[in-house]
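Trainee: Here the sequence shown stands for residues 2 to 322, where the numbers follow the numbering used here.
Calculated directly from the structure, the hints in this document are not laboratory data.
Check before you lean on any hint, since a few could be wrong.
[Claimed, not checked] Below are the DSS-like pairs computed for lysine-lysine, each with C-alpha atoms no more than 30 angstroms apart in a straight line:
{"hint": "1", "residue 1": "Lys153", "residue 2": "Lys125"}
{"hint": "2", "residue 1": "Lys211", "residue 2": "Lys197"}
{"hint": "3", "residue 1": "Lys81", "residue 2": "Lys62"}
{"hint": "4", "residue 1": "Lys164", "residue 2": "Lys151"}
{"hint": "5", "residue 1": "Lys164", "residue 2": "Lys144"}
{"hint": "6", "residue 1": "Lys151", "residue 2": "Lys170"}
[As the list claims (entries may be wrong)] Taking CB as the label site, the calculated pair distances span:
{"hint": "7", "residue 1": "Asp40", "residue 2": "Asn8", "range": "43 to 51 angstroms"}
{"hint": "8", "residue 1": "Leu27", "residue 2": "Thr48", "range": "27 to 35 angstroms"}
{"hint": "9", "residue 1": "Lys211", "residue 2": "Asp180", "range": "43 to 51 angstroms"}
A quick note: this is a predicted structure, and the numbers were derived from the prediction, not measured.
For every residue, glycine included, the Cβ atom is placed at its ideal position computed from N, Cα and C.
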Amino acid sequence: QVKCLENENELLERNEKDLKENIERLLQSREAFMRQYEDSACSLQWTIQMRDKQITVISEKLNSHLALFNSVGKEVAAVKQVLGDVECLVGEKENVVSDLKCKVQRISVLEKDFVEKLSFLGDKITSYQLELRNRARIIYGLKEQLDAEKLKNNFHPQLEELKKSLLVKDEIIERLISDKQEMLVELHNMETALQKFQNIFSRLGHEEMKSSLPVSESQDCKVNSIPGSQVDLPNEESMIPIIGETANANVECKSGIDTGSNQVQSPPSLKHYALPCSEPVTANVEKSECPPESEDVEMGNSSPEQQTHSANPDPEIENQS
Numbered sequence: 002q003v004k005c006l007e008n009e010n011e012l013l014e015r016n017e018k019d020l021k022e023n024i025e026r027l028l029q030s031r032e033a034f035m036r037q038y039e040d041s042a043c044s045l046q047w048t049i050q051m052r053d054k055q056i057t058v059i060s061e062k063l064n065s066h067l068a069l070f071n072s073v074g075k076e077v078a079a080v081k082q083v084l085g086d087v088e089c090l091v092g093e094k095e096n097v098v099s100d101l102k103c104k105v106q107r108i109s110v111l112e113k114d115f116v117e118k119l120s121f122l123g124d125k126i127t128s129y130q131l132e133l134r135n136r137a138r139i140i141y142g143l144k145e146q147l148d149a150e151k152l153k154n155n156f157h158p159q160l161e162e163l164k165k166s167l168l169v170k171d172e173i174i175e176r177l178i179s180d181k182q183e184m185l186v187e188l189h190n191m192e193t194a195l196q197k198f199q200n201i202f203s204r205l206g207h208e209e210m211k212s213s214l215p216v217s218e219s220q221d222c223k224v225n226s227i228p229g230s231q232v233d234l235p236n237e238e239s240m241i242p243i244i245g246e247t248a249n250a251n252v253e254c255k256s257g258i259d260t261g262s263n264q265v266q267s268p269p270s271l272k273h274y275a276l277p278c279s280e281p282v283t284a285n286v287e288k289s290e291c292p293p294e295s296e297d298v299e300m301g302n303s304s305p306e307q308q309t310h311s312a313n314p315d316p317e318i319e320n321q322s
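Taking the hints into account, I'd like the entire structure generated from these sequences.
Mentor: As structure tokens, this is what we get:
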């Protein structure tokens with residue numbers, strides 16, 4: 002019996018524990034339910050308030066739309082009246098348009114006639130303008146002819162004098178050209194003569210060099226110290242100033258002709274180069290003790306300026322000394 006009681010007590014205790022646990026679970030579920038209920042109630046209240054606000058807004062919109070519909074109805078009635086008036090006006094305007102079309106057709110016919118007349122008048126104007134231009138050209142040509150004839154009548158004696166002076170100047174120019182050609186021929190002859198003299202002097206110099214080899218150094222020094230022993234051979238560079246002078250003289254003659262003066266400048270005479278004589282050279286080499294005098298030989302006409310150039314002795318003689 003005691004064991005049975007103990008077992009029953011244990012069962013009772015277990016049942017109590019299970020009951021307590023169930024009670025706690027129920028309490029917790031009740032609290033959770035209450036919380037959910039409160040939350041749902043709050044959310045429902047909030048949604049109800051929002052719906053109320055939306056309902057109020059919608060009601061206001063409905064009222065405004067109803068007012069708009071009423072105003073639109075009034076406007077529709079007014080528009081119908083306006084449309085009736087417009088239809089009446091359109092009928093009147095159609096009548097006016099038909100009248101205008103008839104008038105436009107008449108105007109188009111008149112316009113065609115007017116365009117034809119304008120084209121005809123334009124052709125006439127162009128023809129008149131061409132005639133006026135041709136007449137103006139003819140008048141201008143006649144005026145030029147009159148002016149030219151007047152000038153010819155006024156300047157006829159002067160033109161004859163100018164023609165005569167031009168003929169005289171042409172003759173003078175031809176003479177000057179012929180003189181120039183003669184001068185060029187003379188220059189060419191002079192160049193050939195100078196080359197011949199240079200060849201002769203070079204040959205004489207070589208021969209004298211060969212003959213003066215046995216002479217002593219003292220005699221060579223004396224010969225070099227003599228003032229007239231050095232000979233200047235003309236070359237092409239010394240010919241340039243003379244040719245320049247002749248060219249300047251020809252230019253002066255041409256300028257005198259262009260000014261129209263009756264006085265004609267005669268071409269200057271050709272200035273020939275002065276060549277040293279061959280006799281002092283031989284005297285300087287053979288007789289070194291007595292200094293010879295330098296003599297100038299003129300080719301053709303006498304030159305106003307004598308050349309004073311002195312040539313150095315041959316380099317072979319200097320090397321030997």
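Trainee: Each hint: holds or not?
Mentor: A quick look at each hint next to the structure:
{"no.": "1", "hint": "Lys153 / Lys125", "in the structure": "violated (42 angstroms)"}
{"no.": "2", "hint": "Lys211 / Lys197", "in the structure": "holds (21 angstroms)"}
{"no.": "3", "hint": "Lys81 / Lys62", "in the structure": "holds (28 angstroms)"}
{"no.": "4", "hint": "Lys164 / Lys151", "in the structure": "holds (19 angstroms)"}
{"no.": "5", "hint": "Lys164 / Lys144", "in the structure": "holds (27 angstroms)"}
{"no.": "6", "hint": "Lys151 / Lys170", "in the structure": "holds (28 angstroms)"}
{"no.": "7", "hint": "Asp40 / Asn8: 43 to 51 angstroms", "in the structure": "holds (47 angstroms)"}
{"no.": "8", "hint": "Leu27 / Thr48: 27 to 35 angstroms", "in the structure": "holds (30 angstroms)"}
{"no.": "9", "hint": "Lys211 / Asp180: 43 to 51 angstroms", "in the structure": "holds (47 angstroms)"}
Consistency with the previously given hints fails for number 1 only.
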